[in-house]
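Protein chains in written order, with UniProt numbering: chain Y, 1 to 351; chain C, 1 to 218.
In case anyone wonders, no lab produced these hints; they're calculated from the structure. Just so you know, these numbers come straight off a predicted model, no measurement behind them. Positions of the beta carbon are idealized from the N, C-alpha and C atoms, including for glycine. Mixed in with the good hints there might be a few duds.
[Claimed, not checked] So the derived label-pair ranges between C-beta atoms look like this:
#1 C:121 with Y:231: 53 to 63 angstroms
#2 Y:344 with C:185: 43 to 53 angstroms
#3 Y:217 with C:200: 19 to 29 angstroms
[Claimed, not checked] What the simulated footprint calls covered on chain Y by chain C, stretch by stretch (three residues with Cβ under 8 angstroms from a Cβ of chain C suffice, anywhere in the stretch; the number is not a length):
#4 91-97
#5 104-117
#6 123-137
#7 280-287
#8 309-318
#9 335-342
[Stated by the list, open to error] Cβ-to-Cβ under 8 angstroms is the rule here; a few derived chain C residues that face chain Y:
#10 44
#11 52
#12 53
#13 72
#14 74
#15 108
#16 109
#17 111
#18 149
#19 152
#20 154
#21 201
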Amino acid sequence: MTGDRVVLGIESSCDETGVGLVRLTADGTVELLADAVASSVDEHARFGGVVPEIASRAHLAAMVPTMRRALDQSGLKLSDVDAIAVTAGPGLAGALMVGVAAAKAYASALGVPLFGVNHLGGHVAVDTLEHGPLPERCLALLVSGGHTQLLLVEGIAEKITEVGSTIDDAAGEAYDKVARILDLPYPGGPPIDRQARLGDPAAIAFPRGLTGPRDPRYDFSFSGLKTAVARWVETEQRAGREIPVPDVCASFQEAVADVLTAKAVRAARDLNVDTLVISGGVAANSRLSALAAQRCAEAGIRLRVPRPRLCTDNGAMIAALGAHVLAAGAKPSPLDMPANPGLPVNTIVIQ
Amino acid sequence: MLVIALDTSTPAVTAGLVALDGGRPRALAERATINPRAHGELLMPHLLDAMAEAGHELADADAIVVGAGPGPFTGLRVGMATAAALGQACGRPVHPVCSLDAIAAEAAVDGPLLVATDARRKEVYWAAYDADRRRIDGPHVQRPADVPTSGFTTAAGTMAELLGLAVAEPRHPTPVGLVAAAREALSGEPAPLVPLYLRRPDAAEPGKRKSVLTRGGK
Ligand SMILES: [Zn+2]
């Protein structure tokens with residue numbers, strides 16, 4: 001259709017190489033056309049966390065094949081692409097540079113504008129592929145192995161402000177560390193979730209970080225929780241008792257989900273927004289989504305959670321944000337744009 | 001034929017357009033900046049500047065040659081990723097060449113030659129060449145003192161002076177050197193686009209914890 005534009009998105013900030021394609025229609029809606037992801041997660045497993053150099057090598061090897069898969073999925077050719085968006089940050093420096101270098105080359109060869117966009121904004125924008133346009137104001141809770149943040153979104157291409165964030169570990173990192181304590185595989189989210197379903201969430205009273213009356217209202221802390229789990233397990237082992245892994249997992253997971261949802265709902269109320277988007281790899285966690293649904297319903301807040309495949313890092317989220325930025329008439333990013341590992345969340349597109 | 005040449009294996013960010021018609025390759029335009037932190041920023045602008053100066057579009061090139069290292073990894077990957085994406089978008093073959101070969105191909109001396117570049121951590125990437133500039137040893141990564149220099153009088157490359165031999169230009173791969181080194185490869189199927197890392201990623205496996213845990217069933 002005339003007026004439609006195809007936007008390509010490239011993501012390489014951590015351990016997933018993602019290429020996505022979306023269609024931006026004349027009325028501003030954004031539709032998913034393709035979403036190809038190559039993950040190096042298995043190569044990191046024995047190290048218990050993402051090894052930057054391994055991730056960067058994998059990005060370089062995966063870039064062209066992932067691009068080819070995305071094009072095949074959509075039935076489009078590179079020459080059909082009208083604009084390219086790439087994750088400019090935040091993320092791992094060496095990993096980001098692979099995607100940014102490739103994106104500059106694709107954009108130059110195709111003669112189309114390039115937008116260096118914010119990875120965190122992409123996690124929010126991706127929900128428009130599933131649930132349509134966002135309201136004028138909404139709150140976003142991003143939870144993954146790399147981020148734990150509360151964002152006030154006032155126009156996905158216009159204004160994103162950080163309301164709160166973790167002061168130490170990301171929620172997903174806490175999952176990985178607790179999984180290690182319990183000899184569960186990496187990444188820790190899925191195995192802990194599985195064990196937790198068999199356990200009692202009230203079995204052990206693990207601490208809720210930063211929930212005292214004088215603590216920051218919207219910030220998070222998970223390093224104390226992880227230490228508490230380690231200590232509890234150690235004490236039980238010393239006493240010669242068996243460790244009830246399902247109960248530990250359920251109680252740990254309850255503490256994480258409790259704090260995340262309580263603070264998100266509190267921020268939504270304080271800021272007078274009626275929509276909460278939860279995105280990022282941990283959004284798929286069963287207890288987090290159940291508790292968020294319950295608490296949002298009680299508070300009269302509309303909850304939007306993209307399907308798990310879109311919540312984890314992918315190129316479609318970057319294409320989606322690129323499409324919104326393009327629709328808003330943003331200037332393209334310059335070709336000498338650097339990758340920025342510490343890109344602040346309020347920089348939605350590099351200018 | 002017109003060949004795009006890129007290299008980011010040394011602190012030089014190098015891009016150029018080279019003509020190859022029977023004789024020696026000829027640089028139509030080239031850009032190089034010495035800045036080990038700016039590969040990601042400068043490579044594509046450099047290439048577009050060179051193309052504009054030569055009066056050509058990217059799509060006019062018949063092939064792409066890229067230095068595959070060895071070189072410090074993050075910078076090296078910028079050139080490789082750029083070349084891979086250009087090749088895919090323009091539908092042109094991308095030929096990797098050892099970046100040390102590109103330096104050797106341009107060295108303005110007779111006789112055998114050593115080439116050494118910076119591998120950081122007090123080591124060098126090096127390779128040895130005969131008088132016809134065929135690589136006879138390497139590439140390796142070693143401390144400069146451990147590089148066997150007997151039988152050689154001259155070295156080129158960014159770390160040439162560390163080998164205690166006479167130093168010859170060039171210090172960095174040039175577009176003409178890259179195309180000269182790729183000359184035979186250009187008529188065949190491109191080799192896989194894999195960097196010459198020579199080192200494994202730094203990563204330590206965490207120690208094993210003894211399991212004394214009881215787990216729920218599936
Ligand atoms: Zn992410």
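Do the hints match the structure? See the list:
The given range of 53 to 63 angstroms is broken by residue 121 of chain C and residue 231 of chain Y, whose C-beta atoms sit roughly 39 angstroms from each other. Remark: the range hint 43 to 53 angstroms for residue 344 of chain Y to residue 185 of chain C is upheld by a beta-carbon distance near 45 angstroms. The hint said 19 to 29 angstroms for the Cβ distance between residue 217 of chain Y and residue 200 of chain C, and at roughly 46 angstroms that hint is violated. Here's how the segment 91-97 of chain Y fares: 3 of its residues keep a CB closer than 8 angstroms to some CB of chain C, so the rule of at least three is met and the hint holds.
With 6 residues having a beta carbon nearer than 8 angstroms to a beta carbon of chain C, the segment 104-117 of chain Y meets the requirement of three or more and the stated coverage holds. Counting residues of the segment 123-137 of chain Y whose C-beta lies closer than 8 angstroms to any C-beta of chain C gives 0; at least three are required, and the coverage claim is violated. Counting residues of the segment 280-287 of chain Y whose C-beta lies closer than 8 angstroms to any C-beta of chain C gives 0; at least three are required, and the coverage claim is violated. Only when three residues or more bring their CB closer than 8 angstroms to a CB of chain C does the claim for the segment 309-318 of chain Y stand; here the count is 0, and the claim is violated.
For the segment 335-342 of chain Y, the proposed coverage by chain C is satisfied: 5 residues have a C-beta within less than 8 angstroms of a C-beta in that chain, meeting the threshold of three. Among the interface hints, the one on residue 44 of chain C holds; its C-beta lies about 4 angstroms from the nearest C-beta in chain Y, closer than the 8 angstroms criterion. Taking 8 angstroms as the C-beta cut-off, the interface hint given for residue 52 of chain C is violated, the closest approach to chain Y being about 12 angstroms. With 8 angstroms as the threshold, the beta carbon of residue 53 of chain C stays out of range of chain Y, its nearest partner Cβ sitting at about 15 angstroms, so the hint is violated.
A distance limit of 8 angstroms between C-beta atoms decides the matter here; for residue 72 of chain C the minimum to chain Y is near 10 angstroms, and the interface restraint is violated. The restraint placing residue 74 of chain C at the interface with chain Y holds, with a minimum CB-CB distance near 4 angstroms, inside the 8 angstroms limit. The restraint placing residue 108 of chain C at the interface with chain Y is violated, with a minimum CB-CB distance near 32 angstroms, outside the 8 angstroms limit. Hint on residue 109 of chain C is violated. Least Cβ distance to chain Y is approximately 34 angstroms, over the 8 angstroms limit.
Violation of the interface hint for residue 111 of chain C is found here, the shortest Cβ-Cβ separation to chain Y being roughly 37 angstroms, above the 8 angstroms cut-off. Proximity of residue 149 of chain C to chain Y is violated relative to the hint, the smallest CB-CB distance being about 31 angstroms (cut-off 8 angstroms). For residue 152 of chain C, the interface hint is violated, the least distance from its beta-carbon to any beta-carbon of chain Y being 33 angstroms, above 8 angstroms. The restraint placing residue 154 of chain C at the interface with chain Y is violated, with a minimum CB-CB distance near 34 angstroms, outside the 8 angstroms limit.
Given the 8 angstroms rule on beta carbons, the hint for residue 201 of chain C holds: about 4 angstroms separates it from the nearest Cβ of chain Y.
Hints 1, 3, 6, 7, 8, 11, 12, 13, 15, 16, 17, 18, 19 and 20, counting from the list given before, are not met by this structure.
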